[in-house]
Amino acid sequence: MSAIDPQASGKPMIAIDNISKWYGPVQVLNGCTTQVTKGEVVVVCGPSGSGKSTLIKTVNALEPIQKGAITVDGIGVQAKGTNLPKLRARVGMVFQHFELFPHLSIIDNLMLGQCKVLGRAKEDAHDRGLKLLGRVGLSAHSHKYPGQLSGGQQQRVAIARALSMNPIVMLFDEPTSALDPEMVGEVLDVMIELAREGMTMMVVTHEMGFARKVANRVVFMDRGEIVEDATKDDFFDKPRSERAQTFLSKILAH
Amino acid sequence: MFTDFDFGVVLTSLPYLFGTGMVFTLTLTALAASGGIILGTIIAMMRLSGITALALPAKIYVNFMRSLPLVLVIFWFYFLVPYIGQWMTGASRPISVGAFTSALVTFTLFEAAFFSEIMRAGIQAIPKGQTAAAQAIGLTYGQTMRTVILPQAFRNMLPLLLTQTIVLFQDTSLVYVISLTDFLGAASKVAQRDGRLVEMYLFAAAVYLVICITASTLVRRLQRRVAIIR
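Line by line, the protein sequences give chains A and B. Counting with my numbering, you get residues 1 to 254 for the letters of the first sequence. Counting with my numbering, you get residues 1 to 230 for the letters of the second sequence.
Check the hints yourself; a few may be wrong.
To be verified - Label pairs and their calculated CB-CB ranges:
id: 1; chain 1: B; residue 1: L222; chain 2: A; residue 2: G76; range: 44 to 54 Å
id: 2; chain 1: B; residue 1: R66; chain 2: A; residue 2: K86; range: 34 to 44 Å
id: 3; chain 1: B; residue 1: F18; chain 2: A; residue 2: G147; range: 40 to 50 Å
id: 4; chain 1: B; residue 1: A206; chain 2: A; residue 2: E182; range: 57 to 67 Å
id: 5; chain 1: B; residue 1: T52; chain 2: A; residue 2: K86; range: 21 to 31 Å
id: 6; chain 1: B; residue 1: S49; chain 2: A; residue 2: N18; range: 26 to 36 Å
Stated by the list, open to error - Distance condition first, Cα-Cα at most 25 Å in a straight line; then the derived SDA-like pairs of lysine to any residue:
id: 7; chain 1: A; residue 1: K122; chain 2: B; residue 2: T131
id: 8; chain 1: B; residue 1: K128; chain 2: B; residue 2: G142
id: 9; chain 1: A; residue 1: K213; chain 2: A; residue 2: M183
id: 10; chain 1: A; residue 1: K86; chain 2: B; residue 2: I149
id: 11; chain 1: A; residue 1: K144; chain 2: B; residue 2: I126
id: 12; chain 1: B; residue 1: K59; chain 2: B; residue 2: V105
id: 13; chain 1: A; residue 1: K86; chain 2: B; residue 2: P151
id: 14; chain 1: A; residue 1: K57; chain 2: B; residue 2: T140
id: 15; chain 1: B; residue 1: K128; chain 2: A; residue 2: I107
id: 16; chain 1: A; residue 1: K122; chain 2: B; residue 2: T147
id: 17; chain 1: B; residue 1: K189; chain 2: B; residue 2: A206
id: 18; chain 1: B; residue 1: K128; chain 2: A; residue 2: R90
These are calculated hints, taken from the structure and not from any lab test. All C-beta atoms in this analysis are idealised placements derived from N, C-alpha and C, irrespective of residue type, glycine included.
When you get a sec, could you build the whole thing from the sequences and use the hints?
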């Protein structure tokens with residue numbers, strides 16, 4: 001990946017422009033604006049119920065919005081003519097509860113999208129799937145079913161499944177929140193490696209260690225608003241808002 | 001009083017009972033169950049589509065069918081289907097479809113209402129995250145249903161679908177009202193002809209019992225084999 005290309009590096013991969021969202025009368029997102037540039041890793045954090053998971057799900061239109069606009073690689077997510085399945089295929093997503101397909105073997109989980117969406121031949125998809133499993137250290141498990149793996153292993157498979165589509169950007173929605181503590185590390189390691197390889201990433205997480213290690217920017221949300229959007233160092237060393245300071249003191253206390 | 005019984009009549013009528021009666025019963029059950037499950041799945045998807053124009057007719061259909069006695073529906077279709085055929089093809093006189101076709105259409109449409117409720121529960125039981133995950137890798141709505149949601153729903157609902165099929169198997173005996181001869185009808189005919197009512201009906205009951213218990217056992221075994229590992 002050429003980070004030197006001046007046009008590519010400055011171009012937003014994800015541009016979120018003043019979006020708002022309501023569940024009935026309850027407003028869950030309020031005028032959120034931020035962007036993720038190519039090759040950047042942006043961590044979204046904030047107290048529970050702050051709207052961070054909702055925000056990341058609006059990026060690939062799993063959650064609709066009522067106001068504002070989002071573009072991914074220049075394509076309007078809400079635009080009328082946009083082919084959503086096609087757009088989503090280019091945006092990898094990893095969920096809190098893994099969401100592997102339990103009736104399919106691990107390798108079939110990795111082949112489904114490749115064959116049905118990208119139209120790859122079975123052998124090709126199989127080979128690529130195995131390679132990705134190797135990358136997340138799970139080659140030996142290709143013929144098992146998701147229910148036979150540990151949470152950490154399932155989440156690594158889920159990352160591999162997202163990568164099997166050759167995404168231009170990866171979204172992580174609290175990827176380690178549902179894991180037993182001893183399994184958090186193995187998933188974060190895969191994510192750190194991915195970040196170091198230059199993958200564009202938007203990550204909702206409470207793992208501040210991860211943020212410190214690989215994030216370029218941190219977006220702090222509270223009550224549906226983006227309260228702070230700063231570089232990693234600015235956010236951790238001199239958070240401007242009181243709410244971010246309180247949040248940091250709470251989360252870093254232990 | 002039992003000394004008067006002659007179960008020999010059962011033996012001599014076996015070829016007729018099974019060759020004609022049971023073959024009819026099984027054929028009707030298999031065809032109506034297959035058709036009912038396919039149609040029922042479509043109706044379930046309509047009800048869950050969130051599109052009123054699809055959901056409302058499906059809902060009305062299911063509630064309508066489920067509130068009618070099956071015998072009434074069998075009669076109704078028997079006399080109505082020829083006229084519907086005439087209306088659809090523009091023929092000059094009612095189309096003769098035959099009692100079997102009429103019965104098959106009836107059972108398929110009737111059972112579809114019940115199968116659709118089973119499939120609806122099955123589809124609803126699949127976590128929303130599965131749909132989100134399928135959509136996130138770029139699958140369309142149809143692909144998501146075919147490759148992710150329905151295969152899981154079918155597996156989960158298999159015991160109920162087959163139990164409903166066993167009920168259907170028993171219900172097919174109602175075709176006697178339009179003069180079709182199923183297994184029970186065949187037994188009944190022999191019983192009346194030879195004046196061996198008790199013997200024939202006891203035998204028929206035994207056969208239904210054996211078949212249904214065997215089928216239930218197989219359903220349980222099958223369920224264990226296709227169960228999703230969680």
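Against the structure, the hints come out as follows:
1. B/L222 / A/G76: 44 to 54 Å: holds (49 Å)
2. B/R66 / A/K86: 34 to 44 Å: Holds - the Cβ-Cβ distance for B/R66 and A/K86, about 41 Å, lies within 34 to 44 Å.
3. B/F18 / A/G147: 40 to 50 Å: Holds: the Cβ-Cβ distance is about 43 Å, inside 40 to 50 Å.
4. B/A206 / A/E182: 57 to 67 Å: For A/E182 against B/A206, whose Cβ atoms are near 60 Å apart, the range 57 to 67 Å holds.
5. B/T52 / A/K86: 21 to 31 Å: Since the Cβ atoms of B/T52 and A/K86 sit about 28 Å apart, the hinted range of 21 to 31 Å holds.
6. B/S49 / A/N18: 26 to 36 Å: holds (32 Å)
7. A/K122 / B/T131: Since the Cα atoms of A/K122 and B/T131 sit roughly 23 Å apart, the hinted pair holds (cutoff 25 Å).
8. B/K128 / B/G142: holds (16 Å)
9. A/K213 / A/M183: holds (18 Å)
10. A/K86 / B/I149: holds (20 Å)
11. A/K144 / B/I126: Distance ~21 Å between A/K144 and B/I126 Cα, so the pair holds.
12. B/K59 / B/V105: holds (20 Å)
13. A/K86 / B/P151: holds (23 Å)
14. A/K57 / B/T140: Judged against 25 Å, a Cα distance of about 17 Å means the pair holds.
15. B/K128 / A/I107: Holds - the C-alpha atoms of A/I107 and B/K128 are around 22 Å apart, at most 25 Å.
16. A/K122 / B/T147: holds (16 Å)
17. B/K189 / B/A206: holds (17 Å)
18. B/K128 / A/R90: Roughly 21 Å separates the two Cα atoms, so the pair holds.
Hint compliance for this structure: no hint is broken.
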